[in-house]
Amino acid sequence: MAIQVLIVDDETMTLRNLEAIIKADPTLNVAGTATNAIDAIQQVRALRPDIVLMDLYLPGEFDGVEAIRRIQNSFNPPKIIAATSFDLESYTRGALEAGAVGFILKNDAETLLIPAIHSAVEGDPIVSPQTTVRLIRSFLQPTTAPEIVRARERIRSLSDRELQVAHLIGHGKVYKQIAAELNIAPDTVKSTVTRAMQKTGADNGAQLAFFVGQARLDMDEVQ
3 MAIQVLIVDD ETMTLRNLEA IIKADPTLNV AGTATNAIDA IQQVRALRPD
53 IVLMDLYLPG EFDGVEAIRR IQNSFNPPKI IAATSFDLES YTRGALEAGA
103 VGFILKNDAE TLLIPAIHSA VEGDPIVSPQ TTVRLIRSFL QPTTAPEIVR
153 ARERIRSLSD RELQVAHLIG HGKVYKQIAA ELNIAPDTVK STVTRAMQKT
203 GADNGAQLAF FVGQARLDMD EVQ
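Start counting the sequence shown at 3; every next residue gets the next number (the working numbering).
Straight-line C-alpha distance at most 27 Å; calculated BS3-like pairs for lysine-lysine:
id	residue 1	residue 2
1	Lys178	Lys201
2	Lys192	Lys178
3	Lys178	Lys108
4	Lys25	Lys178
5	Lys108	Lys25
None of these hints come from the bench; they were simulated from the model.
Generate coordinates for the entire structure from the input sequences, incorporating the hints supplied.
The following block contains the structure:
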């Protein structure tokens, strides 16, 4: 059965381009489209898609980040991939904190969109390379001690292996790549992420990586 995808974007040309990319994959189907956040939420309720591709800068009462948050608070929500033309840290962080399982730039859509959708279905987070670099850099910027303390409190119960896996996700690695790097099975990576999510309250692997990045740990000390 084809994976059902809802596309949310207010630009007609972009919407059609994303539709064309998705329709080129026989395992995917465009269940519907929406052009604003309210319409997106209504379409999710009506169509029950597997995946929502959510533009973050939308017209109307609220933006895509708030739409993600509201959809995530619904019963059995779909996996949401955030998409935008602008690599803004505030949107990236906001989308991941709201519950998006991944984040791609629209410029990367031709090469990353299809893999991102399949990865999301499998529970494997994906982030555009440019966005990964920006997130990593933002983690290195000065922050207040209370923020670091709160972040470390959130992840204090994680094992070294769970920290390693989350750190690698934050560097843009997918489960198969992490498995190869750590010489463990992909299923072990997935179960490690699930366990770490339960401990930290993260909604997905991308959010888990965000939490670990906030803590500013010296990963050289984690074995």
